[in-house]
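With the sequences and hints as input, model every part of the structure.
Chain by chain, the residues:
Number of protein chains: 2
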Amino acid sequence: MSYCVALQLKSGIVFMADTLTNAGVDNISHYQKIHNWSKPNERQIFLLTAGNLATSQSVISLLSEEVDDDSVENILNIPSMFQVAKLVARILRQTISEMEGEGQEASSKFDVTMILGGQIVGGDMRLYMIYPEGNFIEVSEEQPFFQIGETKYGKPILVRAYDKMMSYEEAIKLLMVSFDSTIKANLSVGLPLDICVYEKDSFEVSFKERIDKDNQYFRKLSDLWATRLKDAVLDLPNFSLK
Amino acid sequence: MSYCVALQLKSGIVFMADTLTNAGVDNISHYQKIHNWSKPNERQIFLLTAGNLATSQSVISLLSEEVDDDSVENILNIPSMFQVAKLVARILRQTISEMEGEGQEASSKFDVTMILGGQIVGGDMRLYMIYPEGNFIEVSEEQPFFQIGETKYGKPILVRAYDKMMSYEEAIKLLMVSFDSTIKANLSVGLPLDICVYEKDSFEVSFKERIDKDNQYFRKLSDLWATRLKDAVLDLPNFSLK
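So the sequence lines, in the order shown, correspond to chains A and B.
Going letter by letter, the first sequence gives residues 150 to 391 in this note's numbering.
Going letter by letter, the second sequence gives residues 150 to 391 in this note's numbering.
It is possible that part of the hints are untrue.
Claimed, not checked - Using 30 Å as the maximum straight-line C-alpha spacing, the simulated BS3-like pairs for lysine-lysine come out as follows: (1) B/Lys369 with A/Lys379; (2) B/Lys362 with A/Lys379; (3) A/Lys357 with A/Lys188; (4) A/Lys391 with B/Lys188; (5) B/Lys159 with B/Lys349; (6) A/Lys362 with B/Lys379; (7) A/Lys357 with A/Lys313; (8) B/Lys391 with A/Lys188; (9) B/Lys333 with A/Lys313.
Claimed, not checked - Listed next, with one range per pair, are the computed distances between beta-carbon atoms: (10) B/Ile286 with A/Gly173: 17 to 23 Å; (11) B/Leu373 with A/Glu291: 20 to 26 Å; (12) B/Asp361 with A/Val308: 21 to 27 Å.
Quick caveat, the hints were computed from the structure, so don't treat them as lab data.
Since the structure is predicted, the reported quantities are computational estimates derived from the model, not experimental observations.
Beta carbons: idealized from backbone N, C-alpha and C, even for Gly.
Following this line, the structure appears as structure tokens:
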């Protein structure tokens with residue numbers, strides 16, 4: 150499993166993903182799950198993946214290979230983010246159905262869910278979630294973030310504390326708390342974490358960092374959060390047995 | 150789905166369960182998920198169920214029917230909690246395999262997971278989790294609580310804030326926070342909530358209450374928790390973009 154989140158803010162989008170992949174507990178490795186295609190001053194496109202690694206890599210490779218051929222529609226020449234979402238969704242669906250058609254049993258084990266975000270000049274910043282079935286949805290005022298992979302542990306804190314006016318610094322902090330809760334509860338999500346920030350209308354990667362287990366800030370945050378959370382529960386009025 | 154938790158404390162066990170059951174979003178109803186068998190001053194046995202309702206009801210009925218026949222081993226005459234766990238696990242496995250054998254496709258859809266807790270005179274207080282496969286595990290110092298059903302949303306707060314020296318009042322508060330996080334994030338878990346407290350060596354139900362949507366304490370707790378959680382995140386030092 151993986152855990153990836155994209156938070157849409159007023160000022161931009163913050164992406165975070167873990168890097169652990171596993172096929173059983175005895176076969177773990179680390180892969181980047183945030184992928185980026187760009188044309189300076191024209192477009193920045195981010196794609197986050199959760200699910201079957203072979204499917205993810207195949208989709209990423211197909212998208213990247215096409216980039217060199219300007220005679221076909223590809224991720225770097227399509228005119229809108231909506232068209233990019235349609236392209237990625239089509240390739241994802243095809244990849245899964247090819248794998249399922251190749252004599253393997255038809256199950257969900259080739260499935261990948263994706264988050265696609267970014268901006269193309271002349272259009273607004275966009276954020277989509279793409280399902281393995283090849284359809285996709287966009288964020289809204291009411292649903293201003295997307296999670297994929299192992300989403301449940303880290304959802305309550307996002308539901309409670311997200312605010313679209315947050316700064317990037319606050320949003321990254323909130324995401325780290327959400328990832329920390331997930332990592333503490335689930336073996337299949339793990340450090341290092343990748344962070345990417347895209348600032349609206351900048352058409353560049355505004356910030357990028359990898360947080361590993363020696364990161365002092367993350368360790369401090371995790372310890373502080375444990376204390377604060379415990380204190381916050383203690384502070385609440387007790388139930389009365391009457 | 151359901152959400153049920155049993156917290157083992159130094160002084161006793163606190164059980165909490167939601168009451169919502171659903172077969173699709175258009176077919177919801179409410180059922181009690183905490184079941185209790187007792188012999189005054191001799192034994193108190195609690196059974197919590199999550200999963201297929203027909204399977205749960207069948208197991209509960211079989212356990213209850215046997216009680217009247219003292220010539221067979223039943224939940225009210227078996228000499229130890231371990232033997233009770235074996236009995237319940239055997240009936241659960243048999244019920245599932247009968248249903249699966251009756252011409253329906255063999256899938257996990259008849260599955261039920263259970264939490265069994267209580268005490269029989271002459272023995273210690275015990276707490277088990279029983280799997281649909283018919284095997285079971287017991288709590289330990291390192292794993293002092295069991296959750297079944299929709300467990301992920303409410304786990305991080307339990308992991309962080311549980312302490313076996315907690316009072317019942319504190320434990321119920323903590324469980325309510327865990328349930329509130331789950332209810333906020335998942336449609337299939339809902340009020341009212343049932344609470345039962347068993348105090349070690351008491352051989353009686355020490356406390357029992359149903360918390361419905363009009364419960365002033367739960368509403369206040371939910372509001373306060375939203376604020377405290379948000380404040381706790383705000384209070385943490387922000388990430389620095391350097």
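May I ask which of the numbered hints given earlier this structure violates, with the numbers listed in increasing order? none
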